[in-house]
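Heads up: the sequence lines are chains L and H, in that order.
Using numbering that gives the first Met the number 0, you'd call the opening residue of the first sequence number 0 and step up by one each time.
Using numbering that gives the first Met the number 0, you'd call the opening residue of the second sequence number 0 and step up by one each time.
For the record, the hints were derived by calculation from the structure and aren't laboratory data.
Take these hints with a grain of salt, some might be off.
Straight-line distance between alpha carbons at most 30 Å, and here's what the computed BS3-like set of lysine-lysine pairs gives [stated by the list, open to error]: (1) Lys203/H <-> Lys65/L; (2) Lys203/H <-> Lys50/L; (3) Lys1/H <-> Lys50/L; (4) Lys551/H <-> Lys477/H.
Model, not experiment: these values are computed from the prediction.
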Amino acid sequence: MTRDQVFDRLEEVFRDVFDDDGIVLYEDTTADDIDDWDSIEHITLIAAVEKEFGMSFTMGEVSGMKNVGEMVTIISQRARR
Amino acid sequence: MKELQYPFDSEWIMKKKKSLKRNLLGDGSQRIKKRIAVLGGSTTDDVIAALELFLLDAGIEPEFYQSEYRQYWQDAVFGNPELDEFGPDVVYIHTTQRNVDFMPNVRMSVEEIDAALDERFKRLEQMWQALGRFRCPIIQNNFEMPYFRLLGSRDSYDPHGLTNFTSRLNEKLNAYAQTHEGFYINDINWLAATVGLEKWADTKYWFMYKYAMSVDVIPELAYQTAAIIRSLFGKNKKCIAVDLDNTMWGGIVGDDGVEKLEIGQETGTSQAFYEFQQYVKAHKDLGIILTVCSKNEEENAIAGLKHPEGAVTPDDFTIIKANWEPKSINLENTAQELNIMPDAIVFADDNPAEREIVRQQTPCSVPEIGEVTDYIKVLDRSQFFEVTTLSADDLKRSEMYKANIQRAQAQAKFASYTDYLLSLEMTAEIGPFKDIYLARIAQLTNKSNQFNLTTLRCTQEQMAEFAASNDHITQYGKLLDKFGDNGVVSVVVGQRGSHPVTGEECLDIILWLMSCRVLKRDMELAMLDGLVKQAKAAGYTKLIGRYLPTAKNKMVKDFYPDTLGFSKLSEDSEGNTVWELDITGYEDRNHVIKV
Numbered sequence: 000m001t002r003d004q005v006f007d008r009l010e011e012v013f014r015d016v017f018d019d020d021g022i023v024l025y026e027d028t029t030a031d032d033i034d035d036w037d038s039i040e041h042i043t044l045i046a047a048v049e050k051e052f053g054m055s056f057t058m059g060e061v062s063g064m065k066n067v068g069e070m071v072t073i074i075s076q077r078a079r080r
Numbered sequence: 000m001k002e003l004q005y006p007f008d009s010e011w012i013m014k015k016k017k018s019l020k021r022n023l024l025g026d027g028s029q030r031i032k033k034r035i036a037v038l039g040g041s042t043t044d045d046v047i048a049a050l051e052l053f054l055l056d057a058g059i060e061p062e063f064y065q066s067e068y069r070q071y072w073q074d075a076v077f078g079n080p081e082l083d084e085f086g087p088d089v090v091y092i093h094t095t096q097r098n099v100d101f102m103p104n105v106r107m108s109v110e111e112i113d114a115a116l117d118e119r120f121k122r123l124e125q126m127w128q129a130l131g132r133f134r135c136p137i138i139q140n141n142f143e144m145p146y147f148r149l150l151g152s153r154d155s156y157d158p159h160g161l162t163n164f165t166s167r168l169n170e171k172l173n174a175y176a177q178t179h180e181g182f183y184i185n186d187i188n189w190l191a192a193t194v195g196l197e198k199w200a201d202t203k204y205w206f207m208y209k210y211a212m213s214v215d216v217i218p219e220l221a222y223q224t225a226a227i228i229r230s231l232f233g234k235n236k237k238c239i240a241v242d243l244d245n246t247m248w249g250g251i252v253g254d255d256g257v258e259k260l261e262i263g264q265e266t267g268t269s270q271a272f273y274e275f276q277q278y279v280k281a282h283k284d285l286g287i288i289l290t291v292c293s294k295n296e297e298e299n300a301i302a303g304l305k306h307p308e309g310a311v312t313p314d315d316f317t318i319i320k321a322n323w324e325p326k327s328i329n330l331e332n333t334a335q336e337l338n339i340m341p342d343a344i345v346f347a348d349d350n351p352a353e354r355e356i357v358r359q360q361t362p363c364s365v366p367e368i369g370e371v372t373d374y375i376k377v378l379d380r381s382q383f384f385e386v387t388t389l390s391a392d393d394l395k396r397s398e399m400y401k402a403n404i405q406r407a408q409a410q411a412k413f414a415s416y417t418d419y420l421l422s423l424e425m426t427a428e429i430g431p432f433k434d435i436y437l438a439r440i441a442q443l444t445n446k447s448n449q450f451n452l453t454t455l456r457c458t459q460e461q462m463a464e465f466a467a468s469n470d471h472i473t474q475y476g477k478l479l480d481k482f483g484d485n486g487v488v489s490v491v492v493g494q495r496g497s498h499p500v501t502g503e504e505c506l507d508i509i510l511w512l513m514s515c516r517v518l519k520r521d522m523e524l525a526m527l528d529g530l531v532k533q534a535k536a537a538g539y540t541k542l543i544g545r546y547l548p549t550a551k552n553k554m555v556k557d558f559y560p561d562t563l564g565f566s567k568l569s570e571d572s573e574g575n576t577v578w579e580l581d582i583t584g585y586e587d588r589n590h591v592i593k594v
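Extracted from the complex, chain L is given alone in its bound form (with noise of 0.2 Å):
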């Protein structure tokens, strides 16, 4: 899978998460950026995205994400689907 499929699937994961779609993702989105991505909606993205992707992110993984591009790159290397 290419970034940019990753990409395009974790797109449609935050706009059904935020119910938004007119949220579009960058290498440097972080939680500012987003209306609503508190502590609580993290835990529900990070749930919805692992299951998009057949994957887990471990507990140093979840906390130590600087922004959606260290997410897609851990995505790649691990992604089962």
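Take the given structure of chain L and dock chain H to it, following the hints.
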């Protein structure tokens, strides 16, 4: 919403919770508002989010109070101005294995462990008693089993095991629930086992977010909790309508003949259908009405139901609709004949196409019941009939509906309606609320929609308060006749108030309802006679009646003027009307029921 009915996709619900909520709130349906305090022993945000979806879907619009993280006990025992001002209609205590807060070990004496168990239980008991100040139902999770067992299987029976400790704590909760009204256990222990403890206790969620369970199982928890809440507020279903061919037995009775049907003990398939018949039949004892809705010749349907190897008989069904009309029409007629709303019917049919049509044409609940081996599981997990109260009337309900149909047959034989009513040899018991009837009074109050003037919902605790108060006059009515005991069928509560025009003191009727199964029996007149008698004794000279329209209570729009002879005081733009009756020269109106 089909997506929120069991079997549902938990992961999808959590992902789409925002748009689901938006769609539910925008669907224009009428909902009752309830205040729910969630006191948590872990992070409860998503529990509340999912609970909100299932309640909205069940016609309840919740407003939540949420305790700060893990402050459930402190909020309950020491109080908190925000919670006290909130004034909950229900308190839900969301505690889990993470809140057992004790870890026995093999170096401890059994006495030490027993003392710890008592101490732990007393802390909980102290909390429940403190919550009594809200006079509302309390829903308390029991404790799911720990996800690890230090002693292996021995953990379950040795007092030094946490598994054993948890089971014993749960037993104490059960004993408390058995002896305390208004206290309901949410059995998360069963639920965790059913979804799988490994899936339930994904510890990453605890360590990272302080979620006591994984996000995936939160909808399961929320659905079960919502089932208890909707039952408390009268949103249970009342009737199971079953299709017959390939639903109640294997095969098609009209084509294959009775002798070829798969039902009984001969084959695995026969046994599966037999077990389903037993499950359906068992609902009769819970006061659930059973009916048939099948495309069949009636004669064939009856023959199938009389199958000697089957668990049911035609007598188990209050109404049998076996014909070639569309099922949606048969179900609407069933609702009308039973005097219940169509949305109180659960329809079980093996045919996906029939299910879809009925779902589109009627508000009946039509679960995706799958294969015969899934039928029980799907109906059971749907919790349509969650039993929060079990009154003596429930046990007799099907007989009561049967007797109703006999009465209708008797009616045909009389010259005048009054002759017919007299022939019923009715006797009523009417008086202020009695403790033994409080459970039934609250149950009836919370589920009566049609013959209900104000649709005021009250908990059993509030009913007890009305009964004890000097500012209230309460009255229940129980009706018997030669065909049987109808049980408690009418509830009235009056409250000291002032006349909207003259300001003089009068009795304001805040609740007047009656079960539709005793319509046109003059029971309402007997109730008025009783109320006037009590009101006069308390020194009142005027009664004030109110009609607050809802989608379901149009039948009593003109109840105060037409049936009871009240005169109109006012009407507002929403159709709310206020009525008065001067009772100084009142004479009894009922002449057919012996009181």
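Hints versus structure:
1. Lys203/H <-> Lys65/L: 20 Å, holds
2. Lys203/H <-> Lys50/L: At roughly 15 Å apart (the allowed maximum being 30 Å), Lys50/L and Lys203/H satisfy the hint.
3. Lys1/H <-> Lys50/L: 22 Å, holds
4. Lys551/H <-> Lys477/H: 24 Å, holds
In this structure, none of the earlier numbered hints is contradicted; all agree with it.
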